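Starting from the structure of chain A, add chain B where the hints point.
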Amino acid sequence: MKNFSDLFEELDSSTGTNDKVNSLVKFLKHNSAGDSIYVVSFLMGRKPKQIVKTAFLKDWAAELANIPEWLFKESYDNVGDLGETISLMVPQKKSEVKEDYPVSLKEWIEEIILPLKKKSEAEQKRIVQSIWTYLSREEKFVFNKIITGSFRVGVSAKIVIKALALFSGIGDADITHRLMGD
Amino acid sequence: MKNDILKLNKCGIFCPQGDFYIDPWKPVDNALITHGHSDHARWGMKKYLCQEDSVEILKTRLGKDINIEGITYNKSTTINGVKVSFHPAGHILGSSQIRVEYKGEVAVVSGDYKIQPDTTCANFELVKCNTFVTESTFALPIYNWDNEEKIFEGINKWWQSNAEEGVASIIYGYALGKSQRILSILDSSIGPIYTHGAVENINEIYRKQGIKLPKTTLATNLDNKTDFSKAIIVAPSSADGTTWLRKFGDISTAFASGWMQVRGNKRRGNFDKGFVMSDHVDWCGVLDTIKNTGAENVWITHGYSDILSRYLNEQGYNSKVLESLYDDSDI
Chain A
1 MKNFSDLFEE LDSSTGTNDK VNSLVKFLKH NSAGDSIYVV SFLMGRKPKQ
51 IVKTAFLKDW AAELANIPEW LFKESYDNVG DLGETISLMV PQKKSEVKED
101 YPVSLKEWIE EIILPLKKKS EAEQKRIVQS IWTYLSREEK FVFNKIITGS
151 FRVGVSAKIV IKALALFSGI GDADITHRLM GD
Chain B
1 MKNDILKLNK CGIFCPQGDF YIDPWKPVDN ALITHGHSDH ARWGMKKYLC
51 QEDSVEILKT RLGKDINIEG ITYNKSTTIN GVKVSFHPAG HILGSSQIRV
101 EYKGEVAVVS GDYKIQPDTT CANFELVKCN TFVTESTFAL PIYNWDNEEK
151 IFEGINKWWQ SNAEEGVASI IYGYALGKSQ RILSILDSSI GPIYTHGAVE
201 NINEIYRKQG IKLPKTTLAT NLDNKTDFSK AIIVAPSSAD GTTWLRKFGD
251 ISTAFASGWM QVRGNKRRGN FDKGFVMSDH VDWCGVLDTI KNTGAENVWI
301 THGYSDILSR YLNEQGYNSK VLESLYDDSD I
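As they're listed, the protein sequences go chains A and B. Residues 1 to 182 in the numbering used here are what the first sequence lists, from first letter to last. Residues 1 to 331 in the numbering used here are what the second sequence lists, from first letter to last.
Do not rely on the hints blindly, as some may be mistaken.
[Said to hold, decoys possible] Heads up, simulated DSS-like pairs for lysine-lysine below, C-alpha to C-alpha not over 27 Å straight-line: (1) A:Lys2 - B:Lys273; (2) A:Lys29 - B:Lys157; (3) A:Lys106 - A:Lys125; (4) B:Lys230 - A:Lys26; (5) B:Lys230 - B:Lys150; (6) A:Lys26 - B:Lys157; (7) A:Lys58 - A:Lys117; (8) B:Lys291 - A:Lys93; (9) B:Lys320 - A:Lys73; (10) A:Lys73 - B:Lys291; (11) A:Lys2 - B:Lys157; (12) A:Lys2 - B:Lys150.
[Claimed, not checked] With beta-carbon atoms standing in for the labels, derived distance ranges: (13) A:Pro115 - B:Asp227: 54 to 64 Å; (14) B:Lys225 - A:Glu111: 54 to 64 Å; (15) A:Pro91 - B:Lys7: 34 to 44 Å; (16) B:Asp223 - A:Glu99: 57 to 67 Å; (17) B:Lys212 - A:Lys73: 42 to 52 Å.
No lab work stands behind these hints: they were computed from the structure. Quick caveat, the model's predicted, so the values are computed rather than measured. Where a beta carbon is used, it is the ideal one built from N, C-alpha and C, also for glycine.
So here's chain A without its partners, still in its complex pose:
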């Protein structure tokens, strides 16, 4: 999750097209093909639909932050984004988490995030609260955006294509064509 959240921070804070392309090329160079595939599809707007109900997320976060529901609502109103509100109020206490979590984005998505959808509410709660406690604020934000199906970042398809072309040596047009398939 960290490689993805670092990339997200870079893309989100840079304003120039070239900076964004460079950040992406850097990511593609230093990460596995499996992670890169997920990053490219997320940036192209293909992302999993909502995995956990937002009403649940609010309750679980308020519980971990040790605050009443009305105070959660005040905080949410102030921030305006659910994933961000939770990332700011739930503290990271890595040492309290016994589970081992993967490093790669591919494993996060395939082994943890996607299987969450089919789990019972109690199981979801246990897993999500444990992950929130484990992840840093920045990672938590990206994780929340994924499980609420609301991930987006200001990167156009053109930027992604340019980065892929630079990284692979394949022409822009060819990349565009290849990305059209599923």
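Below, chain B alone, put in the same frame as chain A:
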């Protein structure tokens, strides 16, 4: 609460027995001042009493000829039978919590405060009391400051990367307090440090009181022939978007403030970078402090006062909001 040592009236927080005010917003005879920011230290009082490091700050801001007296931290004095002492608030140089005691009842007015260490001022000291008057600028559960080392590292990294690209770094922070704290953590091996006039004025006062700051050069009289490509420039945010910036050539801007915690604020601010660096207490800090003072009465001034007050009342405190005229902008 008819026997309160402190009462709020139209001029500010008043001690009837001692016949003095704390941080009044209208001209009164006797004013005790927590710190030099202009919403707490106002013009027009007949007499000012503050911690000794604040004296020069107040004189610079309010006029050399004000009637002012300084007192050291932790030393008490008696005003009309009321015992008064000043204790470090950790907000800026000279910032104090004012402790007031009468007939065994103790009230503490904290002004603005932060718990995190800061080499440019005395660090916050907890004072036990019955009634604690606290600010609430960042009293929402979403405001929990990161470890300050991480923030400082972020600022120096940003400067370093700009310097490598030949872009001048402009960092904005309030001229009194925040700017000096920024200066104190800069790694001057990266490049030269320049300042805006408003910041340099305060630097002079800080240096006179023995606060260690890196070497700075006033940018005001320099023109675009100076090489600013590796430099950092510390300025108040009022300089943003002005022609004053032109001489620096290519620039990257950053804002150091607690408000930068929230992405939306960062975006609206239109700065290239936001550093979450605040001189105010955060959510966990305000709750811990209140608990540790042992106070049963908690009065809340500027900020998210209604929210904090409601929460504290639910937790069993006797809390109320003081409608003050203090500013909660953390600029």
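Problem set entry | Restraint status (C-alpha distance of B:Lys230 to A:Lys26 at most 27 Å) | 25 Å, holds
Exercise. Measuring from beta carbon to beta carbon, are A:Pro91 and B:Lys7 in 34 to 44 Å?
Worked result: 38 Å, holds
Problem set entry | Restraint check for A:Lys73 with B:Lys291, where alpha carbons must lie at most 27 Å apart | 24 Å, holds
For this session: Check the following: the C-beta atoms of B:Lys225 and A:Glu111 are separated by a distance inside 54 to 64 Å.
Result: 60 Å, holds
Exercise. Given the proposed pairing of A:Lys2 with B:Lys150, does the C-alpha separation stay at or below 27 Å?
Worked result: Since the Cα atoms of A:Lys2 and B:Lys150 sit roughly 16 Å apart, the hinted pair holds (cutoff 27 Å).
For this session: Given the hint that A:Lys2 pairs with B:Lys273, test it: the Cα-Cα distance must not exceed 27 Å.
Result: At roughly 20 Å apart (the allowed maximum being 27 Å), B:Lys273 and A:Lys2 satisfy the hint.
Problem set entry | Pair hint outcome, B:Lys320 versus A:Lys73 [Cα-Cα no greater than 27 Å] | 21 Å, holds
Exercise. So the hint says 57 to 67 Å: do the beta-carbon atoms of B:Asp223 and A:Glu99 match that?
Worked result: Check passed, 60 Å falls within 57 to 67 Å.
Exercise. Going straight from one Cα to the other, do A:Lys29 and B:Lys157 come out at no more than 27 Å?
Worked result: 23 Å, holds
For this session: Could you check the hint for me, namely that B:Lys212 and A:Lys73 are 42 to 52 Å apart, CB to CB?
Result: 45 Å, holds
Problem set entry | Agreement of B:Lys230 and B:Lys150 with the hint, judged by alpha carbon distance not exceeding 27 Å | 22 Å, holds
Exercise. For the pair supplied as a hint, A:Lys58 and A:Lys117, is the alpha-carbon distance within the 27 Å limit?
Worked result: 17 Å, holds
Checked against the numbered hints above, the structure violates none of them.
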